[in-house]
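Asker: Now for the letters of each chain:
Protein chains: 2
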Amino acid sequence: MTMINTPCLVVDERKTLANIETMARRIAATGCAMRPHIKTHKSPHWAKLQVQAGAAGITVAKMGEAEVMADGGLDDIFVAYPLIGEEKIRRALALARRVKRLIVAADSLVGAQALSQAAVQEGLVLELRCEVDTGMRRTGIRYDRAEEVICAIAALPGLRVTGIFTFRGALLSGRPTHDLQAAGRQEGEMMAALAQRLRALGVDIREVSVGSTPTALPCAAVPGITEVRPGTYVYNDAMQIKYGLCTEAECSALLAVTVVSRPGPDLAIVDGGVKVFAADAPLYTEPYGFDRYGICVGHPGIRLTRLSEEHGMADLEPGEDPAIGEILYFIPNHICTCVNLMDQVLLKRADGTFAPMDVPGRGKSR
Amino acid sequence: MTMINTPCLVVDERKTLANIETMARRIAATGCAMRPHIKTHKSPHWAKLQVQAGAAGITVAKMGEAEVMADGGLDDIFVAYPLIGEEKIRRALALARRVKRLIVAADSLVGAQALSQAAVQEGLVLELRCEVDTGMRRTGIRYDRAEEVICAIAALPGLRVTGIFTFRGALLSGRPTHDLQAAGRQEGEMMAALAQRLRALGVDIREVSVGSTPTALPCAAVPGITEVRPGTYVYNDAMQIKYGLCTEAECSALLAVTVVSRPGPDLAIVDGGVKVFAADAPLYTEPYGFDRYGICVGHPGIRLTRLSEEHGMADLEPGEDPAIGEILYFIPNHICTCVNLMDQVLLKRADGTFAPMDVPGRGKSR
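Going down the list, the sequences are from chains F and E.
First residue of the first sequence? That's 1 in my numbering, and the numbers climb one at a time after it.
First residue of the second sequence? That's 1001 in my numbering, and the numbers climb one at a time after it.
Do not take every clue at face value.
Claimed, not checked - If you want a taste of the chain E side facing chain F, the calculated C-beta under 10 angstroms gives, among others:
no., residue
1, N1005
2, K1088
3, L1156
4, G1273
5, G1325
6, S1365
Just so you know, the hints here were simulated from the structure itself, not pulled from any lab data.
Note that the structure is predicted; figures quoted are calculated from it, not measured.
Idealized CB from N, CA, C, for every residue including glycine.
Let's have the full structure, built from the sequences with the hints guiding it.
Answerer: Next comes the structure, spelled out in structure tokens:
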């Protein structure tokens, strides 16, 4: 057993590869393409394996992530975020020249106009997808105004509108739900119908891109949907367990922490707090109601109920008695934000050896 | 006006220096020493200025932070966290050889025994403080068992117990409170009384170290308290405003984000989410009840009520109409965890120029 220096995120290579292959196979069976979001692993290593498993390309949120992925050898990148600001547009134009395919995004006419102007000035044509809000009230053109705005964007020079996309997660009629089949179908059907209306208006919509890990499969099954963008499935987390999408054994990234204090029989303190556990609740906590910061593997009676910056306070049920110095493993609630705290993770290879692995996309929010 | 590439934490040099000087002067007036916790800025640059302003030394939580600070020229370091595990003890012994003064911590006999054994083996004597729990139910020897455990620790070879310490924050009789004077007094009086009892038992307690930013001043005023360890005051944040400890103008680190989407008249989306805002609630949210993720400077009607990883959703009251591309500045709720997300901050110098500044202590949780 390698000595693990805690706190540390331990990534199981075999399980991660299995997660990548399983999702690729399931989506392929629907005939839909897949463009995984790298926000979970933030690493070109896994992104390349996702492409090898059949992904059409990758999705990122920010230009900084796109640049890290391009540096790592990825050459078909969708930046699924409204591209706003001179500096970011300049970087997008530079990146468009050095990768095989860069797709940028807009959700407003004013945003698209700035992109159009810059592209024309550089003598480039940028491939663009328009983001549509299908109920999350986040970015995206309001669904009821989508035709009007997208037609205006499609008329701009220097841009080639090839698709529409949305992100809604597990919402049904705008409300959180456990009925992922119905949520995915609704999201897919709204987007497929919009794509048809846009085509009737003369906009050449080729890609209709939707979905998250929870809704990827039901979305992919909707006729007219061409692409899904799941991310979390690569490692999985406690949220995906609660959605019924994976088992504990399929969670491939575990946070290893050491018990540093046992103030009493019912309390253990571990050496990880907010700075290593993902303390962000999911956007909609209802009806999931997390009661703890992660699941302690093999110890359902160890409940991590409070976090401060460097401390995790675990309430112990009778029978749980971890010693000072003992390492505990937790499945984080939200693996994406957990990984974002790590400069490195520890890869547990299929042969049982361990190797540190950088997370070059960490913190690349610009 | 320099173009700020968002999301970005902008640190005002003049205000930060003023915060450092004001706290140093106030604590000095009580006759108490000060050993600021570097967990807020995580940077040797500010730590050295805190020492220049009169601090007796610095406090860190983890060995990784201690090493970063030693590399940056700090030579009197207290690691205020139970030191558990062979690897960390080995690093502490190595660091003890290269700085003027290293103080380590224990809150259990078993933890202290491992330190003792390693120190004896290396032919070193480690200076040690014992942590005591005064009501937070975090690390620390239970107050009612403190004499027994500390006397046993003090008898171990290779260790020199010179002090006791606690962290309780704004708790009064274990419950969150706004009465910081009473909370600080109670925390201080408990520790001063314990120190007296330990001295009567023959343990040479020289340092009685307490306090956080909220309770530093009332703690420092308690007879018998020799040292306080505030951290957050260096930048301040929305929590400190709610405690009544500072004004908005004294918050010296602001998160700059750009409006990237305006889906409707009552909603603006900014380009910072959980990955740049501190999404962790304080350990005890009652009775403070945060209703938003940060305070929008100059715009009380812009309420950042939802975050996802890269998106901040701001509800707009009538009269608020930020344009796409506009930069907004937010005071984060919890500046310490916000800084921990940043590889760099942008220093706004007293002369109005800007310079990137590394955060070498970021993520050093091991």
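Asker: Taking the hints in turn, state whether each one holds.
Answerer: Okay, the hints, checked on the actual structure:
no.: 1; hint: N1005; verdict: 5 angstroms, holds
no.: 2; hint: K1088; verdict: 8 angstroms, holds
no.: 3; hint: L1156; verdict: 16 angstroms, violated
no.: 4; hint: G1273; verdict: 8 angstroms, holds
no.: 5; hint: G1325; verdict: 6 angstroms, holds
no.: 6; hint: S1365; verdict: 5 angstroms, holds
Of the numbered hints stated above, the single one contradicted by the structure is hint 3.
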